[in-house]
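Protein chains: 2
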Amino acid sequence: MSIINKAAAIGGGVIGAGWVARLLLNGIDVSIFDPDPEATRKVGEVMKGARRAYKQMLPGGLPKEGKLTFAKTIAEAVADADFIQESVPERLDLKHRVLAEIDAHAPANAIVGSSTSGIKPTDMQVAMKKHPERLVVGHPFNPVYLLPLVEIVGGEQTFPEAIEVAKELYASIGMKPVVVRKEIEAFVGDRLLEAAWREALWLVKDGICTVEELDDIMRYSFGLRWAQMGMFQVYRVAGGEAGMRHFMAQFGPCLKWAWTKLMDVPEFNDELVDLIATQSDEQAHGLSIRELEKIRDDNLVAIMEALSKQNKGKGWGAGALHKDYTRQLAKLAAKKASAKVTAKAEAAKPVKKAAKPAKAAKPAKAVKVEKPKKKSGKKKG
Amino acid sequence: MSIINKAAAIGGGVIGAGWVARLLLNGIDVSIFDPDPEATRKVGEVMKGARRAYKQMLPGGLPKEGKLTFAKTIAEAVADADFIQESVPERLDLKHRVLAEIDAHAPANAIVGSSTSGIKPTDMQVAMKKHPERLVVGHPFNPVYLLPLVEIVGGEQTFPEAIEVAKELYASIGMKPVVVRKEIEAFVGDRLLEAAWREALWLVKDGICTVEELDDIMRYSFGLRWAQMGMFQVYRVAGGEAGMRHFMAQFGPCLKWAWTKLMDVPEFNDELVDLIATQSDEQAHGLSIRELEKIRDDNLVAIMEALSKQNKGKGWGAGALHKDYTRQLAKLAAKKASAKVTAKAEAAKPVKKAAKPAKAAKPAKAVKVEKPKKKSGKKKG
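Sequence order for the protein chains is A and B. According to this note's numbering, the first sequence is numbered sequentially starting from 1. According to this note's numbering, the second sequence is numbered sequentially starting from 382.
Derived by calculation from the structure, the hints in this document are not laboratory data. None of these values were measured; they are calculated from a predicted model. Here a beta-carbon is modelled for each residue, glycine too, at the ideal position from N, C-alpha and C. Mixed in with the good hints, there may be bad ones.
[Said to hold, decoys possible] Computed beta-carbon distance windows for the label pairs: (1) G286(A) x R708(B): 21 to 27 Å; (2) P470(B) x E185(A): 36 to 42 Å; (3) K712(B) x R290(A): 33 to 39 Å; (4) S669(B) x K72(A): 55 to 61 Å.
[Claimed, not checked] BS3-like mimics (lysine-lysine), calculated; alpha carbons at most 25 Å apart, straight line: (5) K429(B) x K712(B); (6) K693(B) x K294(A); (7) K55(A) x K690(B); (8) K55(A) x K693(B); (9) K312(A) x K436(B); (10) K436(B) x K314(A); (11) K690(B) x K309(A); (12) K120(A) x K586(B); (13) K695(B) x K48(A); (14) K690(B) x K48(A); (15) K693(B) x K309(A); (16) K42(A) x K294(A); (17) K312(A) x K690(B); (18) K55(A) x K695(B); (19) K693(B) x K48(A); (20) K314(A) x K167(A); (21) K323(A) x K675(B); (22) K294(A) x K695(B); (23) K205(A) x K501(B); (24) K429(B) x K453(B); (25) K309(A) x K429(B); (26) K510(B) x K476(B); (27) K309(A) x K704(B); (28) K690(B) x K323(A).
Using the sequences provided together with the hints, build the complete structure.
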């Protein structure tokens, strides 16, 4: 069961709407602010996809969805939220404006998570005049309603307690929080993605392969490995009986061979965009984005489900988590069913609260940082 | 059914033994040469793991295994092979010696594949005095018996026909051949891996995360994505309704932010090896390499199986291939069963050939390059 009572989402793009979907499907009410006149439709599309995916995970039925409200201002959206997730475009000035407003109007005990994939929390929280100590980066991966990872990063002013509460909040909606130990730009996931992406652009630009060939090279080889073990453990196993030291000794020296071109950045011009966009069109083989999205979601659910049955039935990696998550959602769905029965039995006296017995029964846990002992100020300089 | 009649494996390390396992489990006889006195035991260990994995894929039973012979010399190993795979350590001088000997003794029509993960075929085939035109790089991924990808790369002297035949040979043992369009060192797969690996070493060295945290960040997020769609298609879908151009426009500029440290190579010293080896030990949580290997194999089979049921039952990516491959192996296994019945029925007159009806029935297809029209010499200079 989630420990979030009421959530606010600021920004409803692919990532923001993904958060909204995950929260609503966990039965949590969400208030969203997004100035885009198309926001309602766009969030609706993502919700449709997320509902579809969750139905595959939960053939027994979904929990009662939380209520979605479109707020007219940030102030209105965050007014009574205990968890706020910011997912606006990656511009520091915009982040500052939005975070300042969130901070001014949110309850003091609310945790503020930022979906930024690269900006340091220290650079963002300077805009929060009241409670900068409750800002964490909570960097998710698309599709947010399915992929469990959330990188948590604290800034110089962030309280350790806020990180602890954030971990619990994210975990309570089925996610895998990993706290990044030191604050660096782009954190860990996007550093790795950026490295691979740069090299990929070179390979396509230089005509070594097309985007489809590169994608095939990934998904028929190391992509399958990385769905279940990361690169270090994969190499540990590859080292065979001799283990990791052997592997390192064997492959360490190649690091000095200047194979990759990562020292340079390919020129990002129209020609490169054209080349990649055209090849990407060909690769789609006529499938629309929506169709590809469904295929992707079905595949992700199927992979996680397959992994949930491994390791002598205990589940492995994302599969073990998936097992717990679907079990938690199924319980929530069962509560909805029993709540309905109760509601029917007590039909004579209509009690509105009966629709949400789960929430009423359990107090929010997010109050841990409600009274921060002291503002620590800048830790490092 | 494979079009390989008789294979030779030169080198029986993790990769060489992986090839042996894939070939034998496809019912193909293999002659192996490896001077390591431990070779028999090591290959036996890999075979054990491979058999275990294939039993999961084929609950109805495995095809009759090919016969494995340990040859005393390279000459003996390759004497009657129509497909030879070289998997010796990555040193050019060694590759030269081994390929020269393979070339001197192999039948003229045999295809020679090299497992090198980085050396250009042009640089290797100079050592082949008789038929350099039949050398291709056939770069696989560990575990070779399970992961389908093989990168095929031709050198300046390689005949296009040899590449075509190599594609067919590899595909006939359930693999996904992708031909790399231009010859570069490290090809495509290892360029991407190298880029990610370098960045990963920095992240651990700088204490941003441990190897376990980095691995978790991979396998709970983009690893799940890349098991089924490569990075370009993933981003196409992430671009949403606006598609690839939108995505490129949005994320292109970040390329100029010097986030990744790939311009530098971390110093590869004992301290770094110690740090990583120690963290890797911790990450294993007491599981031995053998146990981890089993878990990895089970996971890979489960993922491919899960993907084989997607896309309206047609299968997707490695899953679609897995479906075809297991079907092909099941057919081969059924032939073994019917051969047994025939053998029993004809018990009165023992006919040795009855054990291998499949091979006798179908002539080898690998003869296409038997009579190369002309040696083209160096194409480029």
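Against the structure, the hints come out as follows:
1. The given range of 21 to 27 Å is respected by G286(A) and R708(B), whose C-beta atoms sit roughly 26 Å from each other.
2. Between P470(B) and E185(A) the C-beta distance comes to about 39 Å, which sits within the given range of 36 to 42 Å.
3. A hinted range of 33 to 39 Å holds for the C-beta pair K712(B) and R290(A), which are about 37 Å apart.
4. Checked against the hint of 55 to 61 Å, the pair S669(B) and K72(A) passes, with Cβ atoms roughly 60 Å apart.
5. Simply put, K429(B) and K712(B) have alpha-carbon atoms about 22 Å apart, close enough for the 25 Å limit, and the pair holds.
6. A C-alpha spacing of about 11 Å is found between K693(B) and K294(A), which places the hinted pair at or below 25 Å, so the restraint holds.
7. A hinted pair counts as satisfied when its Cα atoms are at most 25 Å apart, and K55(A) with K690(B) qualifies at roughly 17 Å.
8. In summary, the hint linking K55(A) to K693(B) is supported, as the alpha carbons are separated by about 16 Å, within the 25 Å threshold.
9. Pair hint K312(A) plus K436(B) holds up; C-alpha atoms about 16 Å apart against a cutoff of 25 Å.
10. Pair hint K436(B) plus K314(A) holds up; C-alpha atoms about 21 Å apart against a cutoff of 25 Å.
11. Between the alpha carbons of K690(B) and K309(A) the distance comes to roughly 16 Å, so the proposed pair stays at or under 25 Å and holds.
12. Taking the CA atoms of K120(A) and K586(B), the gap is about 20 Å. The hint holds against a cut of 25 Å.
13. Restraint check: the Cα-Cα separation between K695(B) and K48(A) comes to about 24 Å, which is no more than 25 Å; the hinted pair holds.
14. Distance check on the hinted pair: K690(B) and K48(A) sit about 23 Å apart at the alpha-carbon level, within 25 Å; holds.
15. Restraint check for K693(B) and K309(A): satisfied, since their Cα atoms lie roughly 22 Å apart, inside the 25 Å limit.
16. The straight-line distance between the Cα atoms of K42(A) and K294(A) is roughly 16 Å, inside the 25 Å bound, and the hint therefore holds.
17. Of the supplied pair hints, the one linking K312(A) and K690(B) holds, its CA atoms being roughly 22 Å apart against a limit of 25 Å.
18. The hinted pair formed by K55(A) and K695(B) meets the criterion: a straight-line CA distance of about 21 Å does not exceed 25 Å.
19. For the given pair, K693(B) sits about 19 Å from K48(A) by alpha-carbon distance, which is consistent with the 25 Å threshold.
20. With a CA separation close to 23 Å, the supplied pair K314(A) and K167(A) stays within the 25 Å bound.
21. Between K323(A) and K675(B) the alpha-carbon distance is near 21 Å, which keeps this suggested pair within the 25 Å criterion.
22. Taken as a hint, the K294(A) and K695(B) pair is honoured in the structure, with Cα atoms around 15 Å apart against an allowance of 25 Å.
23. Taking the CA atoms of K205(A) and K501(B), the gap is near 20 Å; set against the 25 Å cutoff, the hint holds.
24. The suggested pairing of K429(B) with K453(B) holds, with an alpha-carbon distance near 23 Å, which does not exceed 25 Å.
25. This hinted pair checks out: K309(A) and K429(B) have alpha carbons roughly 23 Å apart, not beyond 25 Å.
26. Distance check on the hinted pair: K510(B) and K476(B) sit about 14 Å apart at the alpha-carbon level, within 25 Å; holds.
27. This hinted pair checks out: K309(A) and K704(B) have alpha carbons roughly 20 Å apart, not beyond 25 Å.
28. In summary, the hint linking K690(B) to K323(A) is supported, as the alpha carbons are separated by about 20 Å, within the 25 Å threshold.
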